[in-house]
Amino acid sequence: MINAVLVFNNNGQPRLTKFYTQLDTAVQQRLLSEIFTLVAARPPSSCNFLPLPPLLAPSSRTSTEHNDAPSLVTYRHYATLYFILISTSTESPLALLDLVQVYVEALDRLFENVCELDLIFNFETLHAVLAEMIVGGVVVETGLEKVVEGVRAQGRVAKRPVNETRGGLSQGIWAGR
Amino acid sequence: MFEKDIYQLIRGLRAHKGAERDYIHQALAECRREVRTTDLDAKATALLKLVYLEMFGHDMSWTSFNVLEVMSSAKFNHKRVGYLAAVQSFRPDTEVLMLAENLLKKDLGGTDKATIALVLTTIPHVVSPAMANSLLGDLLTRLGHSSPAIRKKTIVTLYRLALVYPETLRPAWPRIKERLLDEDEDPSVTAAIVNVVCELGWRRPQDFLPLAPRLFELLTAGGNNWMAIKIIKLFSTLTPLEPRLVKKLLPPLTSIIKTTPAMSLLYECINGIIQGGVMEAAEGTMEGDEVARLCVNKLRAMLVVEGDPNLRYVALLAFAKITSSHADIVAQHSDVILECIDDPDISIRTRALDLVVGMINANNLQGVVERLLKQLRSAGQAPITADPAQDRGMHSGIEPLADDDDADMQTTIRAKEAKSGQAPPLPEDYRTSVIERILEMCSRETYAHMNDFEWYIGALVELVKQCPATTGIGSFGSHHEGSAKEASSIADAVGDELLNVAVRVKAVRPEAAAAAQSLLLFDRREEMFPAAGSGGQGVLSPAAFIAGEYAALLPSADAVLTSLAHSSSAQLPPRTLANYLQAIPKVFAVLTSDQQAAWTSARRTNTTLLIARLLHFLEPLTLHPDLEVQERAVEYLDLMRLASEAASNQPTSEEGDGYAEPPLLLTQAIPSLFTGMELNPVAAAALRKVPLPEDLDLDEPINSDLQMLLQQADDDASDFDSGQADEVFRFYNDKPSAASISQHHQKPAADLLLDPPSSAQGSRSSSYQHDAETSPLDRAAAKARQRAERRERYKDDPYYIDPERDGSGTSTPTPMHNILRSANGEELDVDAIPVMELKLEAAPAEGERSAAAAATRRAPLLGRKVPKRRFEIAGDETLEGGVEDDVVSAAAVNAGRTKAAAATAAAVSRAKKSLLEVDSSGLSSLSLSDDAGGASGRNGAANQLDIERRRAEEEEMARAIREVERLRLEMQRAQERIQPRGVPEEGTVVRRSRRKKVKRVEGLAGDGDGDGGEGGEVTKRKKKKKRKEGEAGEAGEEVVEVEEAGDGDGGGEGEKEVPAKTKRKKKKRQVTFEEA
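Chains as they are written, first to last, in my numbering: chain S, 229 to 405; chain X, -10 to 1065.
No wet-lab data here; the hints were simulated from the structure.
These numbers were taken from a predicted model, which means no experiment stands behind them.
One or more hints might be untrue.
[Claimed, not checked] Once the Cα atoms are required to be at most 30 Å apart in a straight line, the calculated DSS-like pairs of lysine-lysine come out as:
1) S/246 - X/94
2) S/374 - X/102
3) X/363 - X/495
4) X/363 - S/246
5) X/95 - S/246
6) X/-7 - S/246
7) S/374 - X/64
8) X/95 - S/374
9) X/495 - S/246
10) S/374 - X/94
11) X/247 - X/310
12) S/246 - X/102
13) X/166 - S/374
[Stated by the list, open to error] Part of the chain X face toward chain S, derived, beta carbon under 7 Å:
14) 184
15) 198
16) 252
17) 298
18) 334
19) 905
[What the hints assert, rightly or not] Here chain X is said to cover these stretches of chain S; the calculated rule only asks that three of the stretch's residues, wherever they fall, bring their Cβ under 8 Å from a Cβ of chain X:
20) 273 to 284
21) 319 to 333
22) 367 to 378
Beta carbons are placed, not taken as given, at the ideal position from N, Cα and C, and that holds for glycine.
All chains should be modelled from the sequences, with the hints used to inform the complete structure.
This is the structure:
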């Protein structure tokens, strides 16, 4: 299952934190900064899997193939944002990368050429999209259309406030990695 | 009204660059006010702002009641904020959770789909076992909701419910299964069910075998890659249970591998085939061979493919999973895997390194290690934290800083172009793990793959240079903290390896000593330890030991001694310094003990100067804060003073007539302190084999009149002068006691030197032997202590060396040998410590003890090209029997340990679970088969386990009750002793206990009839769980309860004497008493 979904920008400022277990705010922040430290040190050409941060490092080596402990930290870097998934061994690493892609594409559909500003001001929508895809750590939907539909069904998606200007942005092409 | 909405808050944050902290505090204060207003709009807005700030680490648990208020609003927009706040801020200890239950039930039963969805996504975050029980019914009805979106979320929510409350699955599973088998069900609901089944699957695969046909159908139907991956993952846990599945699965898996465009699905297919054991199962058949070839080729292709590091990473992951079962397959691809240890990506390198350790053989070892060394050398030492921008998160926590670059933030989010991949500096933990791996590879199976130890020593010295600087800069010189930190440093491990080689491989000892010298020499400090801080310092301690122990082999003992006694050495961590102090006299002995050369005035001057230097170094250390250092400094300082005196008193050849002997203290006494038996490696398990003496009773005081003894010692000290002559005589002639050897076994030579074994027994009946009736052990201990005291008294006496020993003192029979021989002879000491005895049993068979006589093992080189040099590697020494026996016993111990670990695993896993872990172990005891609860044939084994565990728990309970009973009896007796019978107090006691008991019996009654039926198991399990998790307090409470109940038994003394056998019995007894 998926244990946590995190989104933060290039400076480590959180844009979304979702933990599927109840965790102290302070511990959440520590985990966030540990992962940011790990992710920020990686050159762009490296793979999308992180070693476990110190907070999650297993206390003892368990030989069993599967267990409930999170063992996989997957990330994807889009422009100014990092998307992080922390999951157990029941998830497939490559499929999780696709899942992040679906998430971002859904956001793009909803915001049209989504950028970090959209996500800052509409973090509620960010949560709503995630809730359409993952409930309680289990993926419920991977179809882009259904996710977008589900979010739209809850009401109009707010755009970024009008007086926040946006620069000369053109096409939002999804160059998937 | 509220002062600002969420946009204004964010905009304000962005406008207050540099002063965010103040701004946030102000905003928090506003929110605090706003959530307390009666206006729901204001409340909701304030809450949303708080949720935003919570993301940055500002706690909002204080407002949980307001969260509840907003959740219960009629407006969906409010609800949405409220539920979001609940998800983000509720913690297990949130008190309003109880109040939320009814609200959740109400919203769940509503008609608005969006609201239901909100509740469904919130429940997994807040659910508790009690709440799960009450929500279960409402959730089950939602399974039949007309909207697929609701149905799929309900299914997942039910799964999360089952994690905290496993009984959920009893009513829910049949209905979920029904949904899964329904072919007309919405595909996304089916996919959600498959996801849940996959999560459940690895816990209890046997329960899901009946679903295989349907899952197979879904797999072949295709369409949803995510679901297909999950199904394959599930099948890989099912195939070991049902071998027939393999044949069925092969065709669709092969076709997926050949046709799918999705790399993730392709990879999971291969992974599933490997992990599910499909390869062996299908071996020999044509399809089997084909699929095996296909998988392995694809994996290999993933490793060599350009431009996608992710594939390389996951391919290595797959190889790592099969390395234990299919070592041959992995070995076939060692060429490409080895390439990966030079990959620019550290994640990939680490994975490859894990694999490489297992693929090392004598032929590729050096090559691989050289490559890793080159990697370490070329990467430079820059730590990753050099960039302050990256480091910020580590120290200050994340603050919602004003965004630096708006333009940047408006960039459309899309995948970043790959920039030039320059080699990054290696992070320290990677560096450490590389060094660890190198050591592991090289020392594997007692250097089985090592051909060239000279090269290895060179590599070890090189590794010292590559040790990462330890992060704690304060560890250098700060004493107590430092030694703790140092204990785990990687440099220690390198040093230990060096020491290990020096001890085990006699042939390269000169090289090892030279390496130790190069590490120790002060002039080369800069060159050897380039890392900032104290990175490689840990190696100094073993290096000092090598230099001391093999001082005769040092290329330049003089230079080493100078470096050891350099004033900067005093700043080293205490553990290292203690080793330095031990090495100093050893090197000194080698430098000064030349017996053949005449005692010329030049030699005398040299020696005196050397001693003066050492005295200068040692003197300040007698005040060192570390006790070990202090003690050694004091000891050797006095030894040096003696040596100094001896050196200056001895007439030189110039003064005397022609040839003059060097002083005996230098040539005989001091060297004999340190030379003696060769140090051999001892097996870790050897100590365990030392049998426990039967008469050993650690509870018994060793000496009952210690006080008197101390007093006596003081008296002796005061009238020391008068009885000096006698005491000196006794001192030198007492028989050595075994206890004294064992007590001082750290430096046996030093002790034994004073006690030549061929002793006169005459002086035994002296005043010190006054307590003849005490046990021999007592006597021996006292004697040892007395001797220590005497030595202290005589420390300034230059003539304390026994002339007898000096006379026969050629180098061969060391004092240790004398002891052994005499102990073996007619003077055999029955109290001798068992360690010595056992060694003696082994020794005669072996003859002279030496490294060569110890069990040796050669590197298995047969059939390979003949190496340049053959090294004998000393194996571990052990007691009774050779290495094999030892290995077996170690294995047995390990096996026992693993077994014990497995037995306690369930209990332990709760205690130390990982941070984000969602515990699903509760599910493993719940059967999902159709006749749930009954012991069907297939689940026989599981149920058996269940029963056994329950029995064990009951036994434990019975034991606890017996203990409580015993304590209660004791207490009651004590009370009876204090209180006269028949006074009103006793009446009070009875009344009180009666009240308590009524309550208890109610609970028990529920328990009692529960045990029979199905529902009973629920309560029972809950109780058990509670106890398992239980803090001490809870356990204590239970004990008290039982105790009270027991008190009520009143005068029935006979009944009390009978210890309750089981909990059940105990309960019944109480119930009957109450009725009576």
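Any hints from earlier that this structure breaks? Give me their numbers in increasing order, please.
-> 4, 9, 15
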